[in-house]
Amino acid sequence: MIQTEKATPKRSEDLSKDLALTLYKDMVLGRTFEDMCAQMYYRGKMFGFVHLYNGQEAVSTGVIKALKDKDYICSTYRDHVHALSKGVPPNQVMAELFGKETGCSRGRGGSMHIFSSTYNVLGGFAFIGEGIPVATGAALQTVYRKQVLKDSNSDQVTACFFGDGTTNNGQFYECLNIASLWKLPIIFVVENNQWAIGMAHHRSTSIPEIHKKAEGFGLPGIEVDGMDVLAVRDITLKAIERARKGEGPTLIEALTYRFRGHSLADPDELRSNEEKQAWLQRDPIKRFEQVVLENKIAENNELENIKEEIKSIVQDSVKFAEESPNPDLKDLHKYLFV
Amino acid sequence: MKKILLYEALREAIDEEMAHNANVFVIGEDVGHYGGSYKVTKDLHAKYGDFRVLDTPIAENSFTGIGVGAAMTGLRPIVEGMNMSFLLLAFNQISNNVGMLRYTSGGNYTIPMVIRGPGGIGRQLGAEHSQRLEAYFHAVPGIKIVACSTPYNAKGLLKSAIQDENPVLFFEHVLLYNIKEEIPEKEYYLPLDKAEIVEEGTDITILTYSRMRYHAIDANKELKKKNISAEIIDLISLKPFDLETIGKSIKKTHNVLIVEECTKTGGIAAELTSLINENFYNHIDSPITRLSTEDLPTPYNGILENAILVTPNKIVSMAEALLKLKV
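Sequence order for the protein chains is B and P. Residues 1 to 338 in our numbering are what the first sequence lists, from first letter to last. Residues 1001 to 1327 in our numbering are what the second sequence lists, from first letter to last.
Chain B extracted, bound-state conformation (with noise of 0.2 Å):
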């Protein structure tokens, strides 16, 4: 059945205290770990465009921690968060920011080219709706596994994460189309944050409700609060159990907002104060807190411990991408051909 809703506020699962602490982690993880990237771009510890998350940690963990070990996702330029979501440690991501040896991409990707084959990471992409196609292509894989290999442990879901502004382009259009078509087990993931860069949504978008596209391709979409990350997960979690079933693709929009600029080197001049404030008042993790302390799942000094444990697991990816060996000089060439 074709749906295009809001996602409603009943939850599918219990939350229990496991879980909330699980979700709670990896989302101070995520901010965390990009405070420490702001820090380090700063001091110049490194180099490029940088992408950061804050603010959107609700859709990452709310998406990935739903998802097994198996699965793959495949992320934007704006990929750090996505990749720690999915297990990459600390560490590798951070090294790889300081572009050294032992980063996840061995210090030849950098902060938009996080790619991790052990935890099934198909790729920061950094060109805006490349990374849909390919995440398409391991949907298939999965498929092809199946029905071809004969593989009946093949059910990975593959989840693709791209933002607003990538739903104006082609490769989005076409592989709605084809992921539908062909029942793909693949979550199109929108994290409308409402700007690409300056490009205010609806000043890019005749229908700027995204979730509404899918009807004309004959899946679900499905509208969600993207600074809930039990309202994220609860939808994701129907949408991996369709996907696994073979029933087909979702397109999730989940609204959020990024409290930084697009990239560290974005004066964000255009986007109003108001809006901003707004939008603050809504950061997920701190909602998260008031649902965990007022249901009574977990006391705040356990949140206090958690945040401090998460502090020194960023500390420490820090030492650990400074002492960090650059590639060696030799290797310059290794990679190119197998």
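The hints are simulated quantities; they were obtained by calculation from the structure and are not laboratory data. Positions of the beta carbon are idealized from the N, C-alpha and C atoms, including for glycine. Errors might be hidden in some of the hints.
Claimed, not checked - Reference listing, derived: stretches of chain B covered by chain P, where coverage requires no fewer than 3 residues with Cβ under 8 Å from a Cβ of chain P:
1) 99-111
2) 126-138
3) 147-159
4) 172-182
5) 326-336
Given the coordinates of chain B, work out where chain P should sit on it, guided by the hints.
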């Protein structure tokens, strides 16, 4: 031995490799039910099923990217460009992903995929269907570029390309699909990085590839009458060039003429000229010279179209002129 057309040789290569390895599949426009625009995948869908000979919507950038994603996760796609010109629409995926992703990912992923299809100037196909993209893609790091020219080399090269762990751009020529030749009954593989000495000679080395191989052979009949002994080398591998075979020939003849179908500016010959200068300067007795297609969109009119192309006559005149310039 059996007599076979070039497109049939390509079809055999794909058929045999698909039979060897269930991870090999074909993806592209009209490759399945229609059998491919030049019948290279004719009836394969009936043998292997629709999934392994997968018809896609018209979405070059996306189905090329889908090939990348499938290759990254362990399959071995053969992507067909219905006409290689259409792959301009997939330029981003070919450059950023097919070519660079293995390196950018620090070796996390490999892309064992072949992108193949018809290129070159046909007969009055108009500018957009007459492109020689080998030159456009030449600068992309991380891809091998191969051009086949005979049924024998087409089959052996394509089989090797499908088995290669690296991405290969495999160029066929619209006017060569019906070339007929005897090829071995048994399976065989040819190396992707070796040039082919088509005719041996001692006075001048003619470096060429794809359809121009036949123009060079025609020209050589005339050159022989003029007592000029040309060595014709089919480059086969356009990236990397087989500098060993090329160098050996140059050290023998000391004169080089490059004959290509791509446009002169930024063409294959431009790059090859530089490499010969860098590597064999001391062995050259006359200016390294190229004959290319003119820097124009290919005109529709047959007379105009012929005028921009290299012809056997032009090759003869240029070879003669070069040898007169010998120091």
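- Message: Using a Cβ cutoff of 8 Å, are there at least 3 residues of the stretch 147-159 of chain B near chain P, or does the coverage claim fail?
- Response: Since 3 is at least three, the answer is holds.
- Query: Residue count check for the stretch 172-182 of chain B against chain P: does it reach three with CB-CB under 8 Å?
  - Reply: holds (count 5)
- Checking C-beta pairs, does the stretch 99-111 of chain B have three or more residues closer than 8 Å to chain P? This one holds; 7 residues, not fewer than the three required, reach chain P with a Cβ under 8 Å.
- Coverage criterion applied to the stretch 326-336 of chain B (partner chain P; beta-carbon cut 8 Å; 3 residues): holds (count 3)
- For the stretch 126-138 of chain B, do at least 3 residues have a Cβ located nearer than 8 Å to some Cβ of chain P? holds (count 10)
In this structure, none of the earlier numbered hints is contradicted; all agree with it.
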